[in-house]
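Visitor: Top line first, the protein sequences correspond to chains Y and Z. Positions 154 to 450 (this note's numbering) are the ones given, in order, by the first sequence. Positions 154 to 450 (this note's numbering) are the ones given, in order, by the second sequence.
Calculated from the structure, these hints are not laboratory results. Some hints could be false.
If chains are identical, the list can't say which one is meant, so a pair holds when it fits in one copy or spans any two.
Said to hold, decoys possible - Calculated lysine-lysine pairs in the DSS-like style (CA-CA distance at most 25 Å, straight line):
# : residue 1 : residue 2
1 : K447      : K212
2 : K186      : K447
3 : K229      : K219
4 : K389      : K347
Since the structure is predicted, the reported quantities are computational estimates derived from the model, not experimental observations.
Chain residues, written in single-letter form:
Protein chains: 2
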Amino acid sequence: MKEIIECIPNVSEGRRSDVINEIVQNLQKTGVKVLDYSSDPDHNRSVITFVGDKETVKKGALQVAKDAVRLIDLTKHHGTHPRMGAVDVIPFVPIKGVTMKDCVEISKEVGKEIAEELNVPVYLYAESATTPQRVKLPNIREGEFEGFFEKIKKPEWKPDFGKPEVHPTAGVVAVGAREFLIAYNINLNTTDLKIAKKIARSIRESSGGLRYIQAKGMELKDKGCVQVSMNILNYKKAPLYRVFEIVKMEAERYGVNVLESELIGLMPMDAALKSLAFYMQFPKLTSDRIVESKIYE
Amino acid sequence: MKEIIECIPNVSEGRRSDVINEIVQNLQKTGVKVLDYSSDPDHNRSVITFVGDKETVKKGALQVAKDAVRLIDLTKHHGTHPRMGAVDVIPFVPIKGVTMKDCVEISKEVGKEIAEELNVPVYLYAESATTPQRVKLPNIREGEFEGFFEKIKKPEWKPDFGKPEVHPTAGVVAVGAREFLIAYNINLNTTDLKIAKKIARSIRESSGGLRYIQAKGMELKDKGCVQVSMNILNYKKAPLYRVFEIVKMEAERYGVNVLESELIGLMPMDAALKSLAFYMQFPKLTSDRIVESKIYE
Chain Y
154 MKEIIECIPN VSEGRRSDVI NEIVQNLQKT GVKVLDYSSD PDHNRSVITF
204 VGDKETVKKG ALQVAKDAVR LIDLTKHHGT HPRMGAVDVI PFVPIKGVTM
254 KDCVEISKEV GKEIAEELNV PVYLYAESAT TPQRVKLPNI REGEFEGFFE
304 KIKKPEWKPD FGKPEVHPTA GVVAVGAREF LIAYNINLNT TDLKIAKKIA
354 RSIRESSGGL RYIQAKGMEL KDKGCVQVSM NILNYKKAPL YRVFEIVKME
404 AERYGVNVLE SELIGLMPMD AALKSLAFYM QFPKLTSDRI VESKIYE
Chain Z
154 MKEIIECIPN VSEGRRSDVI NEIVQNLQKT GVKVLDYSSD PDHNRSVITF
204 VGDKETVKKG ALQVAKDAVR LIDLTKHHGT HPRMGAVDVI PFVPIKGVTM
254 KDCVEISKEV GKEIAEELNV PVYLYAESAT TPQRVKLPNI REGEFEGFFE
304 KIKKPEWKPD FGKPEVHPTA GVVAVGAREF LIAYNINLNT TDLKIAKKIA
354 RSIRESSGGL RYIQAKGMEL KDKGCVQVSM NILNYKKAPL YRVFEIVKME
404 AERYGVNVLE SELIGLMPMD AALKSLAFYM QFPKLTSDRI VESKIYE
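Extracted from the complex, chain Y is given alone in its bound form (with noise of 0.2 Å):
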């Protein structure tokens, strides 16, 4: 695949496997690669990962969008996480040969598909969001599926695209294009759990940290340690690397040492490669200097 995008669709059914196992089969037959997809009964929610290229993302995030909106009834949905619509959200998240300005045209392009075929509304979200109001998704989910119906009537929440009606089982959706997140750990060697909360303090956007930084601090009762547990939302802008050093240097006023660096899931090639080239002063090391880029380019 020379252009490679990532569409994450979370849908409202996390128990009923025959429903998950009929969406994810229909989305495999329109000819996109389903990386993964994880179901959990108390948030009664399932997250599908697939790549695509521009075309087959596309197709595939329809396919999702009228099966979810099909099969699920929201008004028969109990479970943890805050939802709105049979197909909650739908992010598309630049991988390969293609920017973020392309995603957010094809977030563009599915939303007002799923509008028109399935009379769902849409919310344009993240980097395609039209207000700044929208940008962030629990500001759009404020009030989920069941106040939708009086919220959408408000003229500051009119949908981006389709009629200010709330769809009577799938409710509504957001659509739209964002960086890839990735889930990034970091244990210190010390049980003290008050260090770890100020250094997650001292990193994360909310508190005047880094932007694009989520940042909690937790206690790992196993290892016997506690952990700075972060969401790097934007890694081409809080790289890595950087979120490392200040972390490290945050605890080394405490006396902690950092034990080791911990990924959940996956990181972009890039991603690693922008903070390789920091420490080792590459100007410029991307994937076309890796000898499998080549191979599969």
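Since the structure of chain Y is already known, use the hints to place chain Z on it.
Guide: Relative to the frame of chain Y, chain Z by itself:
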């Protein structure tokens, strides 16, 4: 491809483009992926780089050997690069999903076939060598094509495969498994060539430095600085970060800083991840944590 082996046959023809093209075209028909080929008219030699799985890489290597033996006559070959065979050397490099042992096995199978089918005596070299004298290619190649008619009669130079009779036009060939070779340079913020030479001596194996490192000091007149120019013959045992940190450390004693790192050609993803793991304290960081690898696996 689940398994990837790289093969880099060197053939003794760098001037007649029709011959090179015929070799490359026949190679492509075997199902391998040709990543690169480059010819040097002064050396009168071409280097072909291709990849495949275990079966196709063997077919590809044998095809190159067949065509080189058929099309190249060493009795009429002149060039600045030493050579002993129409196909001079065939290295196999493990890239993904295969071990060095697998590549040694492949080199033996290919060597056996070349001797039997083409009547060209074969020397196993590098990781495949059967005696310490045969590990390093220059030892085997000493005397070149012309000298081999006498050399091959000595008991210590009995070929690993085939009779001790030099092929009249195609000579002999070295076949073996080795690690990926990384060409890596470090530029320093000084114009004093003596410093680059001193650092090169401190890092390279031949002067008592790190094993698997070849290094020399060079002047970069255009850039107005000097360079420590290196080959890393085994990046698994002499990882990039260690080479970089030692050069940086040695430079500091002269009040000199690293300007930048420079990679010539490609490196395997593993080499990059191994060094990033060092700097960011990942206990382990392998390609299965990289999105692009999951996509292609």
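Visitor: Any hints this thing doesn't respect? Which numbers, in order?
Guide: 4
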